[in-house]
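Asker: One letter stands for each residue in the lines below.
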Amino acid sequence: MSAVIHDTDHHHDDHGPAYGWKRWLFTTNHKDIGTLYLFFSLTMFFVGGLMALVIRTELFQPGLQIVDPHFFNQMTSMHALVMIFGAVMPAFVGLANWLVPMMVGAPDMALPRMNNWSFWILPFAFTLLLLTLFLPGGGPAAGWTLYPPLSLQTGAAFPFAIFAIHLLGISSVMGAINIIATIFNLRAPGMTLMKMPLFVWTWLITAYLLIAVMPVLAGAVTMLLTDKFFGTTFFSATGGGDPVMYQHIFWFFGHPEVYIMILPAFGIISQIIPTFSRKPLFGYSSMVYATASIAFLSFIVWAHHMFTVGMPLAGQLFFMFSTMLIAVPTGVKVFNWIATMWRGSLTFETPMLFAIAFVILFTIGGFSGVMLAITPADIQYHDTYFVVAHFHYVLVPGAVFAIIAGVYYWLPKWTGHMYDEKLGKAHFWLSTIFVNVLFFPQHFVGLAGMPRRIPDYSLQFIEFNQISTIGAFGFGFSQLLFLYLVIKCVRGGEKATSQVWEGAEGLEWTLPSPAPYHSFETQPEVK
Amino acid sequence: MPDLTNLLENLDMRPFTTRAAACIGILFGATGTAHADWAVNMSRGVTPISRDVYDLHMLIFWICVMIGVVVFGLIFWSILRHRKSRGAVAAQFHESTTAEIAWTVVPFLILVGMSVPAAKTLVEMEDSAGSDLTITVTGYQWMWHYEYVGEDVDFYSKLSTPRTAIANIDAKDEDYLLAVDNRLVVPVGKKIRFQHTSDDVIHSWWVPALSVKKDAIPGYINTNWARIDEPGVYRGKCAELCGRGHGFMPVVVEALPQDEFQQWLEEKKAEQQAAAGDGADRLASVNGQ
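First to last, the sequence lines map onto chains A and B.
Residues 7 to 533 in our numbering are what the first sequence spells out, letter by letter.
Residues 30 to 318 in our numbering are what the second sequence spells out, letter by letter.
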């Protein structure tokens, strides 16, 4: 993709942001809302991280040490809900808010007031969700998947948690509508679809996934609600319903949801690797097609989460084969990234370090994914720490590393200052070492037979659990360094140039750093 | 199921320094536990199916390792040789249809190769016809119930690890959280068909050595099977989150030679008939009051 700019004339001084709290509460500006999303996400990352540390502390030794098993179950359930809906998804929406208008040459998002609303729903939704921990009976403790009949045993928290999930769904759908409207209506002249940066492409496809599946989740949890309070029996066999049907509906949402959390990460990595390889992205169009293929496949693989619930042989074979197919477009992406690096002129600034770690560690998560797709072997892996290790590899050194890489990459554009490169590298090495100390041993305990979601374990699992806990504390505390780095960069630092990175290409790098409040008041022309 | 209500009051109150010293000891590999075996892999198990699954697992694992060596090798080669600090100048190639087709088709063929043995094993696993013995396994919060279908034998099986061990008051033995009051006794060399269901929430009955894991779902009956080759005691756990006691409902299967199993079954039958007689008497007297 090549973009040549003809007109970058701006008059951004005449209507800048309001001052004080009103700026943030009433803002309709894509950059302000992006910032809100990103700081909200970082806050939730620490909240969810604290819950993970409670889990890892309890699992440091066999026996029950610090929490009651019921509270432990609340921690595993809430950790997942907070990290998925509070940390990873809002971080991607925040990045989309900041970057999509700048990348397609637009002044702002297409629907600015809805943008404000879709963000401000989130703090309320999470206040509601987190407060359930203090209700009688505690918070949701049936896992983030809320399988009935267990989830129907939830106490007073139940309607609050479901209302929170409804709010999160509304927020996500509005965010997705906004992104689609922006991409289709506000592209600069000459910016054809196949010239869009890959981050924009991956987000366009992600937005469609969101619109397709968030209502499915809303439907599933609403049926849970009526089962609990209004006497329906959608998921109860005693009334002619079916507990397995919930799992089918949930995972019809849940599997595309997995790709909602990784496709924008693919987009970020596809922006960063070419910049620091000083070479155009290899196989741009095949990257777009691979993203679309993954999105399509995500709709026909859901029951691979359910190989032990009892399915006809034909069903198990179908879901095994369709799941294995996902390895093909995902492999295409990895090979294209490697071909981009191949014979490039590589430098290793912090964003590139995180991007390379992403490619390697995400691929490890991909390998365990292929293993999990093999149904007979999955019977042994299912619901063990092997699965926990798998999805944390694709989500932490996968999605989270991509988000961190993206923040380092665009932070100079957002703030006008360079971040502290030395500390950034320290943050990278600490994170990468500890994330592996944390999650790699979980493969071993899983294969050796440790089920997930247990507060106490038998004695053959001690050593690896202790290593894992040490890794968890190391990884968690390393992220405080990230917080410090971001704040330091916002406050000051070496002045950033417009292009920031020697090899950076794309419309956002033609804007001054920091980018003006209204990105492109006059549309640039892309050739 | 031990009552866990008061566990919080029975916390391990060893001084922090002792615990810290223990952690440091563990870091250097000096563990004090009897059962430290650093298990890193799936067990081969004791049934034909479990061995097939193990072989399949190792096959896919080694294929992944080989692909990993190539992929990571290319990345590290690039990192080492194509760095700007070594004077590398970027080439400007950015597409190749041949390459794209190659790295679409080759992985696809590898996957087809994997899917053949996988499908074969799956078909065998699902064939529970022609069984010699049927056992109905019912999950409860938080214990298992076993019924030998047609034999008039049934009993509950609950965790027997003492509460004091869980609360760190007494020492933990090597079967910590893996011991039950009544084991499921089965014969070796026979095709045993398991029927799984539940009385409350969803559980999952898992014995790694048999490669048997099936969800126990209220209102459903799921089936699978095992033919155990060697006598022995095989331990497993509930694998599906089922509430507060999820970590505390182990499965223990004891496989006996055929004649010993018959003997056990007869004894159990006699014992249960006697107990049923008592129970009926007691019930009559209760109703009479």
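Watch out, some of these pointers could steer you wrong.
As the list claims (entries may be wrong) - Simulated DEER-style distance windows between Cβ atoms:
# : chain 1 : residue 1 : chain 2 : residue 2 : range
1 : B       : Ile198    : A       : Ile306    : 48 to 56 Å
2 : A       : Phe483    : B       : Glu296    : 54 to 62 Å
3 : B       : Met87     : A       : Phe354    : 14 to 22 Å
Hints listed in this document are in silico derivations from the structure and should not be mistaken for laboratory results.
Ideal Cβ placement from N, Cα and C applies to all residues, glycine included.
Asker: Decide, hint by hint, whether the structure agrees.
Answerer: Okay, the hints, checked on the actual structure:
| no. | hint | result |
| --- | --- | --- |
| 1 | B:Ile198 / A:Ile306: 48 to 56 Å | holds, 52 Å |
| 2 | A:Phe483 / B:Glu296: 54 to 62 Å | holds, 59 Å |
| 3 | B:Met87 / A:Phe354: 14 to 22 Å | violated, 36 Å |
Consistency note: the structure conflicts with earlier hint 3 alone.
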